[in-house]
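**Q** As a plain string of letters, each chain reads:
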Amino acid sequence: MANIFPRWSNLLPLKIAVCAGSAAAGVALAFSYYATPKALNVGYQPSQPIPFSHKIHVDQLGLDCRYCHSFVDVSGHSNVPTGSTCWNCHQHVQRESPKLAPLHKSMNPTHPGYDGKPIEWVKIHKSPDYVYFNHSAHVNRGISCQTCHGDVNKMEVVYQAQPHSMSWCLDCHRAPEKNLRPLEEVYNFNYNAEDYVSKHGAALGVKTTEELGLKLKEQFKVKPKESCATCHH
Amino acid sequence: MSKRIWQHPEVPAGETTVSWRSVGQLEDTPAFREWLDREFPQGAAEMADESEAETSRRSFLKLMGASTALAGFGMAACRRPETYIVPYTKAPEWVIPGKATYYASAMPRACGATPLVVTTFEGRPTKLGPNSLHPDVCGTDAFAQASVLDLYAPNRSRRFLSSGKPAKRADFEAVLAGLAANKAAKIGFLFGADDSPTRARLTKELAAKFTAAKFYQYEALAGEASKAYGDGAKPVADFSKADRILSLDCDFAGVDPQGAVTPFFDRRKPEGKTYEQTPDESKMNRLYVVESAYSLTGGMADHRLRVAPTEVLKVAGQIARELGLPIAKGVNEIKDAKTLSWIKPMVADLKAAGGKAVVLAGSRLPAAVHHLALAINTALGAIGEGKPLAVVQTDAKGLGSLADLKADLDGGAIDTLVMLTPANPVYDAPADLGFEASLAKLKTSIHLGERTDATAHAATWHVPAAHYLEAWSDTRGARGAYTIVQPMILPLYQDCVSEIELLLALLSDSGKLINGEGEKGAPSPAYDAVRKTFASLGGGGEAAWKTLLRDGFLAGSSYSLAAASQAPTAEADIAAANIEAGKAGEPSKDSLQVVFSADSSVFDGRWIDNAWLQEIPDPISKLTWDNAALIAPKTAKELGIYDQIVEVEQYSDAVPYVVPAQGKFAKVGPDGEGENRKQRMIEVTVNGKSLELPVLISFGQAENTIVIPLGYGQGFDKDDELGRKTDQQGHVGLVGVNRGFNAYPLRTSATSYIATGAKVKFLEGKTYSLALTQEHSSMYGRALAREVSTMEDEHKGSFKQQLANVSKQGNDSHAPPNVYLYKPETSSTWHPGPDGKAQPLINDPLHQWGMSIDLSSCMGCAACSIACQAENNIPVVGKEQMARGREMHWIRMDRYYATQKDNTFDADNPAFVPQPVACVQCESAPCETVCPVNATIHTEDGLNAMAYNRCIGTRYCANNCPYKARRFNYFDYNKRNPLIKHNLYHGPFGTKAVGDAEHLQKNPNVTVRMRGVMEKCTYCVQRLKDAVIRQKRGQKQEALVAGKPSTEMEVTTSTLRVPVDSIKVACQEACPADAITFGNLLDKEKSAVGRTKSIERNYDLLNYIGTRPRTSYLARVKNPNQHMPDAPFIGKSTIHMV
Amino acid sequence: MSTTRKRVYGYLAEFKSASALYKAAEKVRDAGFRKWDCYSPYPIHGLDGAMGMKRSILPWFVFFGGITGTATAFTLAYTTQVVIYPTVVQAKPANIFSVPAFFPVMFELTILFSGFTVLFGLLGLIQLPRLNHPLFASKQFHRATDDAFFIAIEARDPKFSPNQTKELLSSIGGENIELVEEED
Amino acid sequence: MASTTQTAPETQTGVKLPVLEREKLILNGRSYHWITERICGVLENRQPLLWWLLFIPSALIAMIGVGGGLTYLVSTGVGVWGMSNRVFWGFDITNFVFWIGIGHAGTLISAVLFLTRQNWRTSINRAAEAMTIFAVMCAGIFPAFHVGRVWFAWFLAPVPNANGIWQNFKSPLLWDVFAVSTYFTVSLIFWFLGMVPDLATIRDRAKPGLRKTLYGIFALGWRGGNRQWSHYEMAYLLLAALSTPLVLSVHSVVSFDFATSVVPGWHTTIFPPYFVAGAIFGGFAMVLTIMVPARFIYGLQDLITMKHIDNMAKIILLTGTIVGYAYLMELFVAFYSGAIYEMDAFKYRIAGPYWWAYAAMMSLNVLSPQVFWFKRCRENLWVIMVVAMCVNVGMWFERFVIIVTTLARMWLPGDWKTYSPSGVELMTFVGTIGMFLALFLLFLKFLPCINIAEVKWTLPESDPHFDDKEHHPDHGVKNEAAYQKELV
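Respectively, the protein sequence lines represent chains A, B, C and D. For the first sequence, counting from 1, position 21 maps to 383 in this note's numbering; every step adds exactly one. For the second sequence, counting from 1, position 99 maps to 154 in this note's numbering; every step adds exactly one. For the third sequence, counting from 1, position 142 maps to 303 in this note's numbering; every step adds exactly one. For the fourth sequence, counting from 1, position 342 maps to 565 in this note's numbering; every step adds exactly one.
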């Protein structure tokens, strides 16, 4: 009659427990960081057929968003400019730039290899098919493009700036005052709440940006909904 | 911001990750691709992206599964499937990506066009609604609603056939050129009964060009009315002017329209069309119906007399006699005292109406009855300007009948036939005519049709027809308003040709067939033809044309009135008919009478391949996917089919086991229930032909009468339950195959609608399974679909008192009030509002949606269900699943029969009460609280929302729904083809979804649900949201107009609230009876719905549970004539229930 | 017995019955030993007293375990239902008045947490799992889980002395007394 | 059963009281060692042929029915079962409630009878607990797989997520999730803890090798020292105290699924007690169905005596009658409600399309146990087996009646449609029965089916004062003087 287990086996269960526990914790942490939209979507920056620079067009040339995304305030779907929109200018401006080859291919009949087929831009901001986000509902009520798409005017190549996850949407729907702007400022990427307050604060009777937000929420009667049917139907 | 640059590798061939995202690519069939290209000649446009977006809705959940799976393994981080946005190169005018565009058009029909407003998304027509501007508008019936599906039908004819074999277009064009060149061609044209001014004009040109040409008109169920009213003339009723209506077997509210029917239903509402007056029975109309089997019209009747088909003639004669018309003497008198006691007071009532009474004769009745009806109407002074009836002259003049055609074919007067009729003569022509044989003799016969049906196969050439949503044409409303038919889209399949285009090709010297569009994107020649016609009708100039395209019709245009004089043949016809009737004599069980009726789903058979129509239950019999012989219970017993009389189940308050349970206690009926239903079969022999088909008991039907709906049994395959011959398999698609029983062979020219002397043999032991959506026909003593009568009731008192008592009928008379422990209206949270106090959750101060359904005008047609199906991407599940009770229709049309035990006049004529039931959006919804995952919760504006992507499918909500308004996707109906037998049960190995274009009909604003998900009505929430968001834009516009900064603009309720009654939900829009009222309850009395909620007829279904539904019902009001013998039993379905 | 020197665990003596063990235990207790134990195939009533042991403190662990469970459940339910994302279901309130609906879950989690505390608390108190133990080296000890009753006095005990302890054991009726040594 | 009358000493009142000897729980004065031998024998000796004859088929059935059935279900859709858009629950929930009910006897016997110091339980509690575990496993299958999208079942778990959405804690179904999983876990702990000393026994008897090692691991190195026993006893007591309310809660919560709904015939307050009684009822029936044969096959008559069986029969009689009362009370409540919907619901149960199910339920559950009023029936194992079987079937029908007949005839006659199960459904149900049997047989083969340690201390000589009562009069049952004292 003798011990069937060596003495070191006495501590084994404890060791196993500790290792397993920490491993589980590690996995959970890693998953909750890397497997959420914050990590998966933010920063997604594919290369586009034409290296279109928002920085040049918006920041330097001062184009309004709606020049290209012309239906953003009437339709739920913010359209990507048609070939002709680009062609308007670029048949004169920078016409010979090699970067514009795809545009010529689709717009310029005199171009060798012209096929009239549209340019295929790579989609960056994807909402799932069962989500019905409506651009016009937001830009017409004081939510700026910038709020969701980031400082596009500073982007050489567009990337996703915000997670666009449901909880992220809810955050704003629960406290819209944080992001509300006067309707005039919706498309203004250089808008700065502090400056606005210091400029018009007196007229509006608000001192801080928080007050401004609440004032606008009150003024515009903004009451964002949280129930499912707001985005899913 | 970390900018991680992904360099995407070239997508290798056979890469699948992308195809999750775009089913468009996944289903990259040539047809689809080609369609895309040709739809936008400048290159596939944003469409590609949109179609991708919306087609992939069908697979959104799988997609979600996939992406979560990916996330789970952290793979999405290393490479995400790349998807593309494909904008237009040159933007088409008016197309705003993501927004619907609406066009006015119309659906040409024999009974007068249905004016439509078509919803299109990036060029895809997805939904049809009525054009409310049109003078002849009356909602859209089931046929019109479902017709959009035909456009995308998988079995749609898309290539030329030569004697049933696929052929080259070139060959056909050669034939056509030959014809066009030969001016002496003995060519015949067979048109349908729909009226098209352009076609009429071209007909004249054709007659001019082809001297030997002859023109004919044929529809299977056209009837003999024209014999009475003259060539091309037809009666049209104006129900707004009719106080008293007598229908002689005329289903004017259903399949036998006699003019816009909406005004009729408006006058079924005691409070008036918009519920503004105080209830006034004198403003209501009164409907008498004499018919042999229940029709929708019969269901609306205040007084209904059931008589054998041949008896109708006698009744008409008797009425004429009562009115002292000489013409009456041609008809035998009615001896039966009971019938007389019914007729006399009725006639008196008609007379009393003083020119505000009208008699309508069913088009299936023999000419004699129409003669009599004309005489009676004339005597009643019902015809003429400002009178309830007008006789109008259509353009369809001087057209030969099918019999003439047959004669000319045999006589060799014509050797080439162009068949343009939507009917299917080879299949549906009277059996004794032998049309097919004569057709076979022709060396050239051209058939234009959307289906490769029997005629398509019999003809030497079949030309695929363009759908009316694909072609330029014009047509006329019931009263002749000139109505434009404009294309929403180029033909889906490039060989599809429209009627006009074909005629134009024949007219042109070259005979060149140009369809769809001309060279270099020029419009189709039909366009010019239509404009020419329009110009000739006084619509000259661009402005007029634009107005026409916008409004859809030419204001002020209408048919000219025809002289409503007795036809010379009247006496003769009546005499003949009288002799016929005499020969037939009283129907008996050894010599029954057969009615060949139009079917509510396939009409004359033309819609047999329309899945929506097949799946919608027949409003009366609740039968889907098949037809059956309808027989009255007593007759069925006498014929030995059932060993005792099948009764409308009676509620029994007896104690079980003390009384025999037979027929009581909601037992299963003699034929079984659900998938176990096995219907007994009989063999009907008439006109020397016989047909085996299943029997269905039909209440309120005349004894010794069999009703057989036409249009079924067009083709069978190996899966047929009865193993019938499969030689005609090619005539139908997956939808129409193995469907029902073909009664056309029983018809002869003489007995096309009513045959006598039929024998019935009960086929012991032989059964056939039928899929019914409703198994139990009585209310079982529950006051569900409530009725009141304008007549004094000895117990319940006057009309007023009955009205006051509506909400206290049945169980509600003694149910205690509901008591709540907490304040239910506005449950509160700990989120403080601006006032710092806790704010309510159902708190939208702008909109609180509500609906009411007026049973007084609801007739039970299923137009709403199909409209809902089209709007909300509701799948079809097939007969197998229907039988199991797995239908997906969000609106279930319940139909109850109510018998009066003491009905001394006719106990076998139960009242017919329909009740549409969809989700009633309970404010206190039992379904919500039981969902473990919060997939169904209440919205701020009072909807019972359903988040499909959150649902895991426990089905608990549906169990707890008292109205059983929820529908569960037991299978992947959108992904797997439900039409192939057992296919759904093959799961992943089953055949994939139906067709390559069907998904193009889907509404991009509604999620396509996958299997395992619960779904239900949400008041077309996508429409509500769209309206609300559109309204939000107003704020900015106001600011701009005022020229003030937005921060100084006061945003008021009026800015943000959707205007009163400006928004319609799909079912409401479609309803021909205006029975559905929907709107914002916060508009109170300003809105129609607000008014309905406050009138006395308003009651909540199952109020006892205290669910406080947002959809309430308005009790049905019957307006009986107190001198009638059956008056005491009218409108009593529920008032005596406790 | 091998000749190599090993660490001694202590004396193991068998007793013929439960009652014998009981009486012996009282004596050993009175002799003032601390590090010793009685081994029996089943729990013997009153032996704790006879050995002068205190009542187990496990109940306290479990009490706090249970409290934690209740608290967890309440926090989980309340924060998610009322604070984070209040929803209207069947017009029910989403506030303090919805707490009754949380009782079932609160109860279940209380039990669950208590259950786990019992398990792990016990294992902690009796220092199991410990698969290796000197006693397992004894030739007779395996009968302790069958039908034999033992007393083992450990060498670690200050009062332990090779001879007197052995005598004590035999004097109180201990049989085949064995000196248990740890294996290498 | 031997009961000898003895003469007791004179008492103050002078009355001579007869002293009845308590019935022995273990017969024929077996020794500790005999008990060990006998119980360990069950798993140490080679299994009888019968074991294999039972195990192989039931294992196969389980594989085909449960494995195959569920694979098909998940790959194809819930439609392969028989439910419709009228009757949304059928066999799935019926079987779930049925199995959960069975799962109640085990913990009840161990916990409640332990607290009430019913020593006779020691012979059966181990097996009963095993049954509980296996039954709950079978039960869990149905709710887990009846959902339409089982791959999203994790939505039921309150884990933080990027969607910021949570469960609905007002839903009885969510309560169920918590109740059932808790019940399973705690039962498992209870079962395992109870087994540790016995596993040690087996370990100590086993020859060195894999077997010894494995048992050694699961025995956690148990030594049986009193310093372990005292904590152990306390732990066991605590678990018993926790499990008792748990047992009652689980089926109450299950009954809430129905009781909190608005469905006539479900919406009634008597459901919780009625369900719990039914569960105990069915649970004991199942214990009998399994233990009576097992007792023969392994010759455990001396451990599981007629007294045990008699007691269980009595419990069945009691709970069966309670259930019968509940059935009648349902009818009365419906009648008294005065609401046509309520009244009809029960009318249609009794005489409607599924009248046979109701008849079966009534006769099997309420009538059949009544034979236990007669001692002769309680002593005849054949009668007992038959009744137990009846109750098993009857309790299944009870659930069928409650769920299906109600849903098939609910509020609006327009949506009435009957339900009939599909082959797949039947297959899966039979599969779970096979799974249950297979698991139980494995339990018999590898684990001590009777609690060795506890049985030992039911022996008279286990009492440390067995041979000298005088000093400790309050111990033991055979001390007449003490007994007399108690009497007067």
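Any given hint could turn out to be false.
Quick look at which bits of chain B chain D covers, simulated, 3 or more residues with Cβ under 8 Å [unchecked claim]:
| id | region |
| --- | --- |
| 1 | 380-391 |
| 2 | 451-464 |
| 3 | 482-492 |
| 4 | 933-941 |
| 5 | 1066-1078 |
| 6 | 1118-1127 |
To list a few chain C residues with every Cβ distance to chain B over 10 Å, as calculated [as the list claims (entries may be wrong)]:
| id | residue |
| --- | --- |
| 7 | Thr229 |
| 8 | Arg317 |
| 9 | Phe321 |
By construction, these hints were calculated from the structure, which means they are not laboratory data. For every residue, glycine included, the Cβ atom is placed at its ideal position computed from N, Cα and C.
**Q** Look at each hint and say if it fits the structure.
**A** Each hint, compared with the structure:
1. Figure legend: the region 380-391 of chain B, annotated as covered by chain D; annotation inconsistent (0 residues with Cβ-Cβ distances under 8 Å, at least 3 required).
2. Only residues whose C-beta sits within less than 8 Å of a C-beta in chain D count toward coverage, and the region 451-464 of chain B has 0 of them, not enough to reach three; the restraint is violated.
3. Look at the region 482-492 of chain B against chain D: 0 of its residues bring a Cβ nearer than 8 Å to a Cβ of that chain, fewer than three, so the hint is violated.
4. Here's how the region 933-941 of chain B fares: 4 of its residues keep a CB closer than 8 Å to some CB of chain D, so the rule of at least three is met and the hint holds.
5. For the region 1066-1078 of chain B, the stated coverage by chain D is satisfied: 4 residues place a CB nearer than 8 Å to a CB of that chain, which reaches the threshold of 3.
6. Against chain D, the region 1118-1127 of chain B contributes 0 residues with a C-beta closer than 8 Å to a partner C-beta. That does not satisfy the three-residue criterion, and the hint is violated.
7. Interface exclusion of Thr229/C from chain B stands, the closest Cβ pair being 24 Å apart, more than 10 Å.
8. Under the 10 Å C-beta cut-off, the non-interface status given to Arg317/C relative to chain B holds; the minimum distance is some 53 Å.
9. The Cβ of Phe321/C sits about 60 Å from the closest Cβ of chain B, beyond the 10 Å cut-off, so the non-interface label holds.
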